[in-house]
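Heads up: the protein sequence lines correspond to chains A and B, in order. Just add 7 to the spot in the first sequence (first one is 1) and you have our numbering. Just add 422 to the spot in the second sequence (first one is 1) and you have our numbering.
Hints were generated in silico from the structure; no laboratory data involved. Hints are supplied without guarantee of correctness; some may be wrong.
[Said to hold, decoys possible] Simulated crosslink set (EDC-like; lysine to aspartate or glutamate; CA at most 20 Å straight-line):
no.: 1; chain 1: B; residue 1: 791; chain 2: A; residue 2: 50
no.: 2; chain 1: B; residue 1: 594; chain 2: B; residue 2: 565
no.: 3; chain 1: B; residue 1: 770; chain 2: B; residue 2: 704
no.: 4; chain 1: B; residue 1: 538; chain 2: B; residue 2: 586
no.: 5; chain 1: B; residue 1: 440; chain 2: B; residue 2: 499
no.: 6; chain 1: B; residue 1: 791; chain 2: A; residue 2: 42
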Amino acid sequence: MLRLPCPFCGERDETEFRFRGDATVVRPGAGAGLDEFNAYVYERANPLGWHTEWWLHAAGCRRLLKVERDTLTHEIRSVTAAATDGGH
Amino acid sequence: MDPVPSSPASAATAVRTKSGHYSFWRLLREGLRGQRGWRPAWVKASPKPRYRVVIVGGGGHGLSTAYYLASHFGITDVAVVERGPIGLGNVGRNTTIVRSNYFQPANIRFYEYSLKLWEGLERELNFNAMVSQRGTLNLFHTEAQRDLFTRRANQMRLLGVDAEAVTREGVKSLVPLIDLDNGRYPVLGGFLQPRGGTVRHDAVAWGYARGASERGVDIIEHCEVTGIRHDGGRVAGVETSRGFLGADIVCLAVAGHSSRLAGMAGLRLPIETHVLQAWVTESLKPVLDVVLTYGAGHFYVSQSDKGGLVFGGAIDGYNTYGQRGTLPMAEEVAAAAVTLLPGLARVKVLRQWGGIMDMSMDGSPIISKTPVEGLILNGGWCYGGFKAIPAGGMTTAYLVAHGSPHPLATHLDLGRFAAGRPIDERGIGPFPYAH
Numbered sequence: 008m009l010r011l012p013c014p015f016c017g018e019r020d021e022t023e024f025r026f027r028g029d030a031t032v033v034r035p036g037a038g039a040g041l042d043e044f045n046a047y048v049y050e051r052a053n054p055l056g057w058h059t060e061w062w063l064h065a066a067g068c069r070r071l072l073k074v075e076r077d078t079l080t081h082e083i084r085s086v087t088a089a090a091t092d093g094g095h
Numbered sequence: 423m424d425p426v427p428s429s430p431a432s433a434a435t436a437v438r439t440k441s442g443h444y445s446f447w448r449l450l451r452e453g454l455r456g457q458r459g460w461r462p463a464w465v466k467a468s469p470k471p472r473y474r475v476v477i478v479g480g481g482g483h484g485l486s487t488a489y490y491l492a493s494h495f496g497i498t499d500v501a502v503v504e505r506g507p508i509g510l511g512n513v514g515r516n517t518t519i520v521r522s523n524y525f526q527p528a529n530i531r532f533y534e535y536s537l538k539l540w541e542g543l544e545r546e547l548n549f550n551a552m553v554s555q556r557g558t559l560n561l562f563h564t565e566a567q568r569d570l571f572t573r574r575a576n577q578m579r580l581l582g583v584d585a586e587a588v589t590r591e592g593v594k595s596l597v598p599l600i601d602l603d604n605g606r607y608p609v610l611g612g613f614l615q616p617r618g619g620t621v622r623h624d625a626v627a628w629g630y631a632r633g634a635s636e637r638g639v640d641i642i643e644h645c646e647v648t649g650i651r652h653d654g655g656r657v658a659g660v661e662t663s664r665g666f667l668g669a670d671i672v673c674l675a676v677a678g679h680s681s682r683l684a685g686m687a688g689l690r691l692p693i694e695t696h697v698l699q700a701w702v703t704e705s706l707k708p709v710l711d712v713v714l715t716y717g718a719g720h721f722y723v724s725q726s727d728k729g730g731l732v733f734g735g736a737i738d739g740y741n742t743y744g745q746r747g748t749l750p751m752a753e754e755v756a757a758a759a760v761t762l763l764p765g766l767a768r769v770k771v772l773r774q775w776g777g778i779m780d781m782s783m784d785g786s787p788i789i790s791k792t793p794v795e796g797l798i799l800n801g802g803w804c805y806g807g808f809k810a811i812p813a814g815g816m817t818t819a820y821l822v823a824h825g826s827p828h829p830l831a832t833h834l835d836l837g838r839f840a841a842g843r844p845i846d847e848r849g850i851g852p853f854p855y856a857h
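Next comes chain A alone, as it looks inside the complex (with noise of 0.2 Å):
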């Protein structure tokens, strides 16, 4: 059971949350060709370490947070309310 720090709620288990991906890709603009809509839908660099992601406190307080996890050891290192960082 992975056990997120919330910086709204507390320490709650991943059942309560949703995970959303990788954090890092970011959309291009709307005149940007194939290239790069390709990279950010589908490429992904896919770490063995450190990973920043989104997971949404869907059954809490329903924010989307950004995680920075090890995917192998899942240890957490920070987690920070997505708003606070200009993201989605």
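Based on these hints, arrange chain B on the given structure of chain A.
Chain B in isolation, oriented as in the chain A frame:
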């Protein structure tokens, strides 16, 4: 359609390990002579500085690619390099199910080809892989689900693949343990592929390794790839923990780690790595002689020849390279299991494990050239790689040998994502969690 050359070019290649033909008479003879005549089934090779083809990954797809390259395409200057011992990755960490009950015609043809190769595999390899066509039974619990399965079964039958509708009573007679009227999701019926079943997974790795090794392929264990050397957009070989191996063609068959290996060549793939868990119970007397799939949750189960119930669920749902998994999925799978088969509620689980999967962005595999010339990718298997080992190996070998995709695998190219034609296998949209 028979895209495989009918006369294998293997006759020209030297047999070198001489593990000998396996047969009843051999068994009898060795039994009478104190088992002194057995020899290792395959050679543990040391790396040479250069090969025509280097295959990274000594699992199911890597070994089968090597075998078919040597046996069907006459290419024996091949090395299979593996980080640990062969067969201990996903080929040894799955639930051993084979079937071809897919929805999209291109996928049905590909997996049916694989099932046909499974049917002849033991004769071809002279190796007992315990191919058991006990049938795969998918249950449905709503009328909409029945319609979807009926459509899938009809699609299969149009292509000459076996699929049958099974009534509620039929389900009960196939699986007497089942609680048809379970309070949560009563079973309305099922969809059976009689030729589906299970295969002894370790024997698949060993059998292909033996066949490849006998035909001259070097199988190099404990040889971790640390870099892919390429220049001017063309692959030159692989850096490994045992030195540099030059190669005209490098083929990646490392599902779970495809992104990392492709990253060494500067590529980003449409893949994320996720863990899929599986469990096995203590041994029971025979209680289940089909592969059973619950339609209202994550649970599928078969009984191994040793008697244990082997079962699994869905991926945990977040990127991970940890081969273990966490408990929420275990709880979900166990809940589904006792809903469907309440009589098993007190059976003890002996072991649990996780395998890490290449989850591709449309839920279908990738067998393809890459933007780096000479670098070929076999990956993106999601959680359906085991059943595809024979066809995956054959079509990858075809791509290596001919430089163009096998007719049954043209739809699995890497370029499909950018081209806007991802594969919508389930008819509900090309989602990355599917298989």
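Tested hints:
1. 791(B) to 50(A): Holds, at roughly 16 Å.
2. 594(B) to 565(B): holds (18 Å)
3. 770(B) to 704(B): Holds, at roughly 6 Å.
4. 538(B) to 586(B): With a Cα-Cα distance of about 18 Å, the restraint between residue 538(B) and residue 586(B) holds, given a limit of 20 Å.
5. 440(B) to 499(B): holds (19 Å)
6. 791(B) to 42(A): Holds: residue 791(B) and residue 42(A) sit about 18 Å apart, inside 20 Å.
The earlier numbered hints are all upheld by this structure, with none contradicted.
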